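Asks: Each chain, written out:
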Amino acid sequence: MTRPTYFDLEPIMNPKSIAVIGASENPDKIGHVILANNVASGFPGDIYPININASGPIMGYTAYKSVLDVKARIDLAVIAVPAEVVPKVVEECGKAGVRGIIVVSGGFAEIGRTDLQDKITKTGMKYRIPIIGPNCLGVTDSYSKVDTLFLPAAKIDKPIVGGVSFASQSGAVGSSVLDMIDSEGFGLARFISYGNAAVVDEVDILNYLSNDEKTKVIVFYIEGVKRGREFIEAAKKATMKKPIVVSKGGMTDAGAKAAHSHTAALAGSHQAYEAVFRQFGFVIADDIQELLNLSKIFETQPLPKGRRIAILTNGGGTGVLATDAIYEHGLEMATMAKATEKALRKVMPPIVNVRLPLDMAGDADKARFEAALSAFESDPNIDAIMAIALFQTPGADENVAAKLVEYGTRMKKPMAVVSMGGSYTRKQRQIIEKGGVPVYESPGEAAKALAALADYAEYRRSHGKKG
Amino acid sequence: MALLEYFEAERLLKKHRIRSVESSYVKSADAAVKFAGEGKIVLKAVSGKALHKSKSGLVVAGLSGENEIAKAYKLLEKRAARYRPYRILAQKMVHGGIEIIIGGSEDVQFGKMILLGLGGIYVEAFRDFALRVCPVGMADALSMVRQLRSRKVIAPDPASEKMVAELVLKAARMYQGSRIKELDLNPVILHDGTYDAVDIRMIK
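Heads up: the sequence lines are chains A and B, in that order.
Residue numbering for the first sequence follows this note's numbering, starting at 1 and increasing by one per position.
Residue numbering for the second sequence follows this note's numbering, starting at 1001 and increasing by one per position.
Treat the hints loosely; a few may be bogus.
Using 30 Å as the maximum straight-line C-alpha spacing, the simulated BS3-like pairs for lysine-lysine come out as follows [to be verified]:
| hint | chain 1 | residue 1 | chain 2 | residue 2 |
| --- | --- | --- | --- | --- |
| 1 | B | 1152 | A | 237 |
| 2 | A | 241 | B | 1078 |
| 3 | A | 226 | B | 1112 |
| 4 | A | 16 | A | 145 |
Covered stretches of chain B (chain A as the covering partner; in silico rule of three or more C-beta atoms under 8 Å from a C-beta of chain A) [as the list claims (entries may be wrong)]:
| hint | region |
| --- | --- |
| 5 | 1098-1105 |
| 6 | 1151-1157 |
| 7 | 1165-1171 |
| 8 | 1182-1188 |
It is worth saying that the hints were derived from the structure and are not from the lab.
None of the values given here were measured: they were computed from a predicted structure.
Note that CB positions come from ideal geometry on N, CA and C, so glycine has one too.
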């Protein structure tokens, strides 16, 4: 079967008109929820409810029995009807000149009905229509306001608009990450849950998101890719444009092949994926929490010039832990320039020992935090900063949080904040994250995030020269 | 699935300027003694029916002197009887050194991949290896060396790092340009500022 190297997802992500096939007045139907969500999200284009039994308007919109009855251009058709009828509906969409399709219905290859899925694939290729799904949540887009997720709005935190685009093979992983994005304090550009990938696959999505100006960071949850070599070609280009944070499901090789050599015994499928990710500059996350931890630093922070870290803290013990953590993750402690030392000596009280990690003592306030950040900002021997702010101390309050936001958003070097604690800390943490600076629960998590940033920067430097 | 004959495999290595240890088939204990000269040798029974020589007891190492070699030769003949037809390969012993593995295998999605790792008996115990998709460049090869936990053992200085990386590069080119499906150079022994591939396994 021939297919274009890349299907263009523009009609799906940025449609001017949507048909919801399976739309219904019955609030228990998925078609109803999808229609309602698009209305609620404020989708500005035309909406056409389609239902084979339609006898009057649905939710106030003129309804049609088939897409073929709609005498206007349909950019996107969202299909939520039983699996058995999906192939016929897809064919109708092809005839009607629909430009993009999402099949949210399940009941295909995932339960062994590859016959039904093959029909979708064939029709998609015949009409050259990008089809997302089947067996997926579809998409939500912060810019075009398309929302095909059939999740009750009250149960999921809607992320703010931002630069992270998230693609997930699994709808379950997708929706839980989507729900957590808001509390992690970063913003969403586009979300794609692509399910069984009958037509549109990882390669199409990677290509689309890498050329998408609104997407600053791509976050990918992958269980497997369908076109390995094409995936590599798309990835090579994509990682030179923007970071891709990836997490791979299915770590264990259940169907491990019978190996005749040591090499084949070592190099299983999971190892091959990891090798590809590493070789072509992906940022690898071991689990979902790490996926979020890494994504948020890439969204807001610039890339560092090297691996030299300056740690500042208002708690000595945490500074020691942080020092261990940076070395454990392949980073190193910076050595302050003489001018930085001099400047700090002037402003810090005598109890503060001016060396890294910089322990500013338990009574450090806004002024001390600012003095340290300002000195580190201009020090050429410092590539990145880990700022530990323990808000249990008398000096640390929302003024310190504000300073961290001020410097964390204006410096040309990256900063990660570490802050752990209870409800008061959580409040400060939220101020800092909403302000655009990533906060971590432990020095280890912050070190890992800074190391990922440094690794990616190094990849870009070493591959950029060759052009 | 067929094992490439030893000297056919060795010729492929030579063509790509990859060093391997001096070897010869021997048809008698006397021939083995003559091949050994003053040094130590290894005797291996090679058969298409026994893919894992050491697991089948078909390798006897550290042999020198007429008596020792003759005794080992007889023992091998006995053990190899059930793997007929077989041949006996004599190899010069390489002394000391660090054992690494360089290999190739095909992934269903990504195609030919090249592997570098801590070799010999440590392969399975430590599983310390780096993997890349072919083709690889010098930067990839260097990053493979640096990725290993055992990098300071395998490549303690820039010269040895460069040597190992270049070897990976040569092996990757050979593997990619050939019809071999699986490749094991295990071990390759790093010694005295150079290296020798000691066991070669190529599967077509």
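Asks: Given the proposed pairing of residue 16 of chain A with residue 145 of chain A, does the C-alpha separation stay at or below 30 Å?
Replies: Judged against 30 Å, a Cα distance of about 10 Å means the pair holds.
Asks: Are there three or more residues in the region 1151-1157 of chain B whose C-beta lies within less than 8 Å of some C-beta in chain A?
Replies: violated (count 0)
Asks: Given that the region 1165-1171 of chain B was listed as covered by chain A, double-check it with a C-beta distance under 8 Å for 3 or more residues.
Replies: violated (count 0)
Asks: How does the coverage statement for the region 1182-1188 of chain B fare against chain A, requiring three or more residues with Cβ below 8 Å from a Cβ of that chain?
Replies: Our answer is that it holds, as 4 residues pass the Cβ test (under 8 Å) against chain A, meeting three.
Asks: According to a criterion of three or more residues whose C-beta lies within less than 8 Å of a C-beta of chain A, is the region 1098-1105 of chain B covered?
Replies: That given contact holds, which follows from 4 residues of the region 1098-1105 of chain B lying within Cβ reach (below 8 Å) of chain A.
Asks: Measure nothing beyond the straight line between the CA atoms of residue 241 of chain A and residue 1078 of chain B; if it is 30 Å or shorter, mark the hint as holding.
Replies: violated, 63 Å
Asks: Taking 30 Å as the top limit, are the C-alpha atoms of residue 226 of chain A and residue 1112 of chain B close enough?
Replies: The given pair, whose Cα atoms are some 16 Å apart, holds under the 30 Å limit.
Asks: Is it true that the CA of residue 1152 of chain B sits at most 30 Å from the CA of residue 237 of chain A?
Replies: Violated, because 33 Å separates the two Cα atoms, which is more than 30 Å.
Going down the numbered hints, you'll see the structure goes against 1, 2, 6 and 7, while the others check out.
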